[in-house]
Amino acid sequence: MTKITFELDELLTLKTTRAKVQVKSWQEAADIVGNLLVDEGKVQPGYVARMKEVIDEVGPYMVIAPGVALLHARPEHGVNMPCIALITLDEPVPFGHAENDPVDIVFAFGATDKDSHVPALKKLAKQISRSEVIESVRSAHSDKALCEAFVELCDHPNRTKE
Amino acid sequence: MIIATLCGMGFGTSMMLKLSVEDILKEEGLRAKIESWDLGSHKGQKADIIVAPDDMARHLKDSESEVVLIHNLTDEAEIKTKLMAAINELQA
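Which chain is which? The protein sequence lines are A and B, in order.
Quick note on the numbering used here: the first sequence kicks off at 12 and runs consecutively.
Quick note on the numbering used here: the second sequence kicks off at 81 and runs consecutively.
Isolated chain A (complex conformation) (with noise of 0.2 Å):
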């Protein structure tokens, strides 16, 4: 079998990256970041239900730090390959998160089974605790600039941009 792996430069492409994106609310947020994987082939559109769903449930806990989300839900609610989106909001939108609202960097992946992607999931956590990588991804203002500030901090995770 072959083994499954999970690379956040990789998997994140132009296709799957937009930049100050206007929304009204964070379902829209949500939509928006996760038809990028549907219209990729990604994941079926159900996935992306079952995101927000989550949120409504248990409550907006992936909003893991100050103005960053990571959303997601699991392999069996229809991911077909792994996968992660990326958008930038223009204006931040509330989650409902006492801590961390409001939100202007949402991240959206699907994987395939049950521990492939916490490496890099980890990894992320990382370089999102960094603010400079915040403040370059926040400063992105055309797809092309998100996708590739993103991407070089995943390669060069301890570079820091100049």
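Quick caveat, the hints were computed from the structure, so don't treat them as lab data.
Since this is a predicted model, take the numbers as computed values, not measurements.
All residues carry an ideal CB built from backbone N, CA and C; glycine is no exception.
One or more hints might be untrue.
Stated by the list, open to error - Capping the alpha-carbon separation at 20 Å, the derived lysine to aspartate or glutamate pairs in DMTMM-like fashion look like this:
| no. | chain 1 | residue 1 | chain 2 | residue 2 |
| --- | --- | --- | --- | --- |
| 1 | A | K35 | A | D67 |
| 2 | B | K162 | A | E110 |
| 3 | A | K133 | B | E102 |
| 4 | A | K133 | B | E158 |
| 5 | A | K137 | B | D103 |
| 6 | A | K63 | B | D118 |
| 7 | A | K155 | A | E21 |
| 8 | A | K133 | B | E107 |
| 9 | A | K134 | B | D142 |
| 10 | B | K126 | B | D142 |
| 11 | A | K134 | B | D103 |
| 12 | A | K26 | A | E159 |
| 13 | A | K133 | B | D134 |
| 14 | A | K137 | A | D50 |
| 15 | B | K160 | B | E107 |
| 16 | A | K35 | A | E143 |
| 17 | B | K106 | B | D155 |
| 18 | B | K160 | A | E110 |
| 19 | A | K26 | A | D101 |
| 20 | B | K126 | B | E144 |
| 21 | A | K26 | A | D50 |
| 22 | A | K137 | B | D142 |
| 23 | A | K133 | B | D118 |
| 24 | A | K134 | B | E144 |
| 25 | A | K137 | A | E159 |
As the list claims (entries may be wrong) - Take a look, some chain B residues computed to stay more than 10 Å from chain A by CB distance:
| no. | residue |
| --- | --- |
| 26 | E108 |
| 27 | L119 |
| 28 | K123 |
| 29 | G124 |
| 30 | Q125 |
| 31 | L170 |
As the list claims (entries may be wrong) - Beta-carbon label-pair distances, calculated as ranges:
| no. | chain 1 | residue 1 | chain 2 | residue 2 | range |
| --- | --- | --- | --- | --- | --- |
| 32 | A | E21 | B | K126 | 34 to 42 Å |
| 33 | A | K35 | B | K123 | 34 to 42 Å |
| 34 | B | A172 | A | E163 | 45 to 53 Å |
| 35 | B | S121 | A | P130 | 39 to 47 Å |
| 36 | B | K126 | A | E146 | 37 to 45 Å |
Dock chain B against the given chain A, drawing on the hints supplied.
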């Protein structure tokens, strides 16, 4: 000692937290069994400490475990300070 990390699906956030907890225990030279749980299956399971996103506090009101709530799941320093306080409390 059993430490459980908890999130809504036992898949993303709790797995991230689990790796953080593993790193912290290794740094501190401590041993524990670390599990990741989801909300649907955590009832009836036992852990000495549960580490969860602070947004999940309301789901853990009745927990008998020491509960550690994390605001910023990417902040290793926050996770470490709060986890070590809970471990020290438990061992006191």
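Here is what the structure says about each hint:
Straight-line distance between C-alpha atoms of K35/A and D67/A comes to about 17 Å, which keeps the hinted pair within the 20 Å bound. This hinted pair checks out: K162/B and E110/A have alpha carbons roughly 16 Å apart, not beyond 20 Å. In summary, the hint linking K133/A to E102/B is supported, as the alpha carbons are separated by about 12 Å, within the 20 Å threshold. A C-alpha spacing of about 15 Å is found between K133/A and E158/B, which places the hinted pair at or below 20 Å, so the restraint holds.
With a CA separation close to 13 Å, the supplied pair K137/A and D103/B stays within the 20 Å bound. Restraint check: the Cα-Cα separation between K63/A and D118/B comes to about 17 Å, which is no more than 20 Å; the hinted pair holds. This hinted pair checks out: K155/A and E21/A have alpha carbons roughly 15 Å apart, not beyond 20 Å. Of the pairs offered as hints, the one joining K133/A and E107/B holds, with about 17 Å between alpha carbons and a cut-off of 20 Å not exceeded.
For the hint linking K134/A to D142/B, the alpha-carbon distance of about 33 Å lies beyond 20 Å, and the restraint is violated. In summary, the hint linking K126/B to D142/B is supported, as the alpha carbons are separated by about 13 Å, within the 20 Å threshold. With a C-alpha separation of about 13 Å, the suggested pairing of K134/A with D103/B holds against the 20 Å cut-off. Distance hint between K26/A and E159/A is fulfilled; the C-alpha atoms sit about 12 Å from each other, no more than 20 Å.
Our distance criterion of 20 Å between C-alpha atoms is met by K133/A and D134/B, whose separation comes to about 19 Å. For the hint linking K137/A to D50/A, the alpha-carbon distance of about 29 Å lies beyond 20 Å, and the restraint is violated. With a C-alpha separation of about 10 Å, the suggested pair K160/B and E107/B falls inside the 20 Å cut-off, and the hint holds. With a C-alpha separation of about 27 Å, the suggested pairing of K35/A with E143/A is violated against the 20 Å cut-off.
Annotation: proposed proximity of K106/B to D155/B holds, straight-line Cα distance about 17 Å (limit 20 Å). The hinted pair formed by K160/B and E110/A meets the criterion: a straight-line CA distance of about 19 Å does not exceed 20 Å. Straight-line distance between C-alpha atoms of K26/A and D101/A comes to about 19 Å, which keeps the hinted pair within the 20 Å bound. Between K126/B and E144/B, the direct Cα distance comes to roughly 9 Å. Compliance with the 20 Å bound is thereby established for this hinted pair.
Distance check on the hinted pair: K26/A and D50/A sit about 9 Å apart at the alpha-carbon level, within 20 Å; holds. For the hint linking K137/A to D142/B, the alpha-carbon distance of about 32 Å lies beyond 20 Å, and the restraint is violated. Our distance criterion of 20 Å between C-alpha atoms is met by K133/A and D118/B, whose separation comes to about 18 Å. For the suggested pair K134/A and E144/B, the alpha carbons sit about 32 Å apart, so the restraint of at most 20 Å is broken.
For the given pair, K137/A sits about 18 Å from E159/A by alpha-carbon distance, which is consistent with the 20 Å threshold. Look at E108/B: its CB is around 18 Å from the nearest CB on chain A, clear of 10 Å, so calling it non-interface holds up. Non-interface call for L119/B relative to chain A: violated, since the shortest CB-CB distance, roughly 6 Å, does not exceed 10 Å. A cut-off of 10 Å between C-beta atoms confirms that K123/B is not in contact with chain A; the least separation is 14 Å.
For G124/B, the requirement that its beta carbon stay farther than 10 Å from each beta carbon of chain A is met, with the minimum near 18 Å. With a closest Cβ-Cβ approach of about 17 Å to chain A, Q125/B is found to remain outside the 10 Å limit, as its non-interface label requires. Every Cβ of chain A is farther than 10 Å from the Cβ of L170/B; the closest lies at roughly 24 Å, confirming the non-interface assignment. Between E21/A and K126/B the beta carbon distance is about 40 Å. The supplied range of 34 to 42 Å therefore holds.
Range check, K35/A to K123/B: Cβ separation about 37 Å, and the 34 to 42 Å hint holds. The supplied range of 45 to 53 Å is met by A172/B and E163/A, whose beta-carbon atoms lie about 46 Å from each other. Remark: the range hint 39 to 47 Å for S121/B to P130/A is contradicted by a beta-carbon distance near 24 Å. Range check, K126/B to E146/A: Cβ separation about 43 Å, and the 37 to 45 Å hint holds.
Against the hints set out earlier in the document, violations occur for numbers 9, 14, 16, 22, 24, 27, 35.
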